[in-house]
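K.L.:
Residue-level listing of the chains:
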Amino acid sequence: MTDVTQSTSPRTSLINDPRVRGIAYQVILVAILALLIYEATTNAIENLRRARIASGFDFLSTTAGFDVNQTLIPFSSSGGSTYGDAFIVGLLNTLLVAAIGIVLATILGFIVGVARLSSNWIVAKLAKVYVEAIRNVPLLLQLFIWYNAVLKALPNPRQSYEVGSGIFLNNRGLFAPQPLLEPGAGLVIGAAVAGIVGAFIFRRWARRRQEMTGQQAPVGTVALALIVGLPLLVFLLAGRPIALSYPELRGFNFAGGVQIFPEFVALLVGLSTYTAAFIAEIVRAGILAVSRGQTEAAHALGLREGPTLRLVVIPQAMRVIVPPLTSQYLNLTKNSSLAVAIGYPDLAQVFMGTVLNQTGQAVEVIAITMAVYLAISLITSLVMNIYNRRAAIVER
Amino acid sequence: MAITTEPVAYVRGTPIAEQPPPLMARGWVAWVRENLFSSVGNTILTLIALYIIYLVVPPAIRFFFLDAVWTGSDREACLAASVGREVGACWAYVDAKFSYFVYGSYPWDERWRVDIVFVLGAIGIAWLLWLDAPKRNLGALYFFVIFPVVAFILLRGSTAVGLERVDTSLWGGILVTLVVSIVGIVVSLPLGVLLALGRRSRLPLVRLASVIFIEVVRGVPLITVLFMANTMLPLFLPGNMSPDRLLRPLVGVALFASAYMAEVVRGGLQAIPKGQYEGAMSLGLGYWRMMRLIILPQALRIVIPGIVNTFIGLFKDTTLVSIVGIFDLIKTVEVTLVDPTWATPVTRLTGYAFAGLFYFICCYGMSRYSLAVERRLAAGQKR
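As given, the protein sequences belong to chains A and B, one line each in that order. Residue 306 in full-length UniProt numbering sits at position 306 of the first sequence, and the numbers go up by one each step. Residue 154 in full-length UniProt numbering sits at position 154 of the second sequence, and the numbers go up by one each step.
The calculated DSS-like cross-link candidates involving lysine-lysine, where the alpha carbons are at most 27 Å apart (straight line), are:
| hint | chain 1 | residue 1 | chain 2 | residue 2 |
| --- | --- | --- | --- | --- |
| 1 | B | LYS316 | A | LYS125 |
| 2 | B | LYS316 | A | LYS152 |
| 3 | B | LYS331 | B | LYS316 |
Derived by calculation from the structure, the hints in this document are not laboratory data.
Excised from the complex, chain B in its bound form (with noise of 0.2 Å):
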């Protein structure tokens, strides 16, 4: 077959010019008409929705930025009748107590030990949370043993290793809400796991014991705890022993705690294949090895999101032992606002809206974190 050489008259040699996209199909002229006023009542809702977002966020920016004051020695320098205008956030406040907020009381010189103990525990969380790291059991090994010990020895002081002494009634502030929490998840971790056996054990009064535990713990409030270890802890030890004013709480928040992260390893063991335990039962490995070696290293694996998600709510409800007299972050700044030197009528807000910020940038930091787990756990599982 020959193949025409003759020009075919109706193709264009050029292509035509391209022409922009339709702009009611595409574009954001589209996008804001699908989207936003696709109908009437949708419409009505995009403008209720623009109401609510006017009556928030420019309030908010002149009071947190334009009105605020940065710089100042005292109240003087948040007072509208000295500035000579409108006071919004008094952030020099914040700037002034900012060392006690993170330290308390604690001795201005021995502070460098606080220092010490927050780039220590912030290594540890890092080994434990990046799943790549190299040698993780060596990094639970150092968060769950090691540093406890050497951050006891160096916020208490001992005199053994030439350290001052220091109080616990002199701790203060975001230290405290750390001590708080991270006590709470390293006793209620291995608590938690221990009891999730139990309550899966095939021994009826372990059983019994471990559910028990679980659900009266789950189903009282934490603040009924800390009542319980603040006033009762004195009674049930013999004679003159009196604990430590913060050792009293952490133990209640330690306890309770372990109840919450019990239910969420059990979720864990519960997920694995029966044929996981079997397997390992056909080895011949006794419970202790099939847990340790082949359950528990797949379970906890499976839970990690719902184990950050506990220590979220942990990390909240540490703010409750202000309520018992221990000078976490909420007290602390309960505390500056009588201060004379900064009373102001905006002082509360600020100190409160600083607290808040704290609060938030750590609780969405580890959410995302917990769902960026979730969606890796989850990619296996998808097609």
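Only chain A is shown next, with the shape it has when bound in the complex (with noise of 0.2 Å):
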């Protein structure tokens, strides 16, 4: 028997190697793309020269010429603020309306997810209704609607609708009492805060208590009592250092209070409405995806259906929807650069459009706003990964 270990290579021509083809396509990939960067890169430093527009992020700390309506810091032209300011402003905004888009997406999109569900027939086919007619129309579309056709037609200031003591809704907007905070006032949050954390504790000490002695404690009622209560006693004990300012009609808008742009209104509400339509889809793949069996398990231990529902179906559906929800929320945080199109000074309607007509540096806002986009998935998808390796299901 002769060895069969081959000590030499195959006769073969060098052009049908493998491996040297593969180096070989490599090679001619990173030339092309090589080549590609650098006539771009010459041509747009040729360009730019000849339009005499600066380059680099010198501009960031130059005052900006303009006033956006909707700001979380300081913001005002004659204040002296930068196209930096600018970016921030805009950068806070788009993270305000995505993060409170994520929450109000995510409790509709689960409430019509269930109710696809639901053994009521025309529960059912509502939400079906709801998610197909949602689904199948542009996001822009529907944002134009509610910007245009349903919040510019209310009424004007002076014919506002009221929606609660003190709240009016009308063309320019919400508007509802502002709360001031006075001295002392730092107490009364800090016993909400106190509050709040207090009746976590709490139900965790209950929780181990019931697993250990099987004892149960009133944790609603004591969460409340907590979350409500204390703050509420500390505020009058304080001598009610947190007073309401209310919006009043003068001339011919309002004053006081806090005003909502309809901007923000329609953005929040186009996204969150759309975005939770999907959301609806995964909940219902997610809960389908549960075994029958757990269910009739769950019964047959004795558990009536909310909490079989919260205790054995949900907790494993959400191994199935975590991932997929995840990137609904990158899409409704990337959907939400449409602001531009009704004019809430998001991240992309400040930096990429203003900031980027006056200051004419494409590049560097581009890519700037590029930037911030890549961050914001990266790190979303890097703690979702984290998530799902700690929920996955651990095999033997």
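Could you use the hints to bring the two separately framed chains together as a complex?
P.N.:
Written out as structure tokens, the structure reads:
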């Protein structure tokens, strides 16, 4: 018997050797990419020089010559705010609408998703119609409908609807009472935070005690007392340090109170109803993925419908739901850039719109904007991967 | 054993009359009881649902049908003051602007060219989507190579074939919406396949380049890609070369869609069992022949639903080109809204309803199709 280990490679011509070919492909790819990048860069430098547009990131510290209606940080052109501040304003507005939108979309999406599986025929059909109608119409059109056809069609401030006491709705937005913090208000806020933390600690203690001894504690009542009662008590004891400033009609508009701009409302409502339709489908698929035997076993143990859903079905469904849910959250964040179409001052509108127009530094501005969205995406996927690793089924 | 012939006293000679089925166990009353009013909570839910329907449906029917104005030549027909009653949707406006919604400002005498392109495109799409159609390979060649070239010559015009040139700034409406989405799919499918192959390649640099492209594009909103195509494409090209206004967003949309397409195709590639690859290699096929003859035909077939879903997303996303100033359907609707001949309080909602209906019919139809294909593909696995 001869040894079959091969000491020399079979005789093939160099052109048919897969390894040589692989290296050649990569060299060609790198060469093409390098050529493209080189061409693009030299052309861009040449074109920018001819159009007399500056390059570099110096413009971020130049004073911006415009104002923004909704800002979370102080921003005014007369106060010497820079383009860098405008960037922060836009970024915060994007994060604000995305954060609230995610919360609303999740709540609505879970309700609709569970409703689609309801044994109640009419509820299930209604949820289905909602999902199909919303999913098959472009988001941009829905934003236009919310902004132009619904909110802009509201009456002017003099004929506003009074939604509740001190809450007014008109075509300039939603006006609500604003809490004014007087000295001592910090105590009330501190009490509220302490109440929430206390409620969580109590719940953990109650659960542990129930696991050890089987005794149940009135978690709901105690939590309510801690979260609502404690701040209220401190509020009264500290001499009511928080007052409300009510919006009042002065001339043609309201003064005082807090104004929520219609652009924000339209974007928020549009984004959350749109994303909720997708979340509903994810939730439905997730619940259907939990085998029927799990529900039956829970019933056999004597659990009722509510606890079965809460303790058995949902925790297992979450494994299936969470990964696509994350990508919906990212979609919502990215879709918030459609603000540009209805004039909500988010990152895309303020920075990629106004700042780009004023400075003309397209390359830098667009690169920064893209980097921000990319960073949000990457951070979210990183966090989600960690969650997935923890939530994954541990198999033998 | 003898068979007894004596009549058995307790057996009836005739069947008794049929009784109606118990109403409480079957029939619609039982159905309603079981499905709508089985418990207190269920009854409350039913009532809430009925209330929502009552809030939405009757006003919608009133607005879109009963109170709607169907004929008229200008805004007078749709003004409550001149008609003397409550006015709903102003369909007369859609009727008057319909050709603008379809063709934009495309010259009247040349619109037959657009019609021919629509028919040719419909043939190509039907050929590809009908899974039992004859010669589907030829159909793919037609749709991805022949049709785009013919459509470009017909729409743009060329003096070589005796067609007057029509500048892309005159194109508009549904024509542009379809052009953007068809170009998107025609470019993104082959590019997506290449990127997907690149991402699964053994060559590290090819894989790296594909992963970076796919992840970066998928991580940013389409609107930033469109802005980039709009403002940076002219910068990257040499000197006085200024790309066509319509071409810029087309490049953006096509690149954007190919990253998403790549992920769909990659799903298909991963679903093919390893034995298929090994079988192909043991037959002595090289990489490209293995992919072309063995792997891709199977992989692409199982991802048809995914491709259609990506296309639905792409089709809805084409509306974003209106933000960078391209006259797609949304933009043409917006433009007609400032036309004083049709300025009424109901015009805006009517225009949006028309656009919404158009997108809904297209997207809903496609999603039904993709569900049907999915069911058909799953039929083999069913036991």
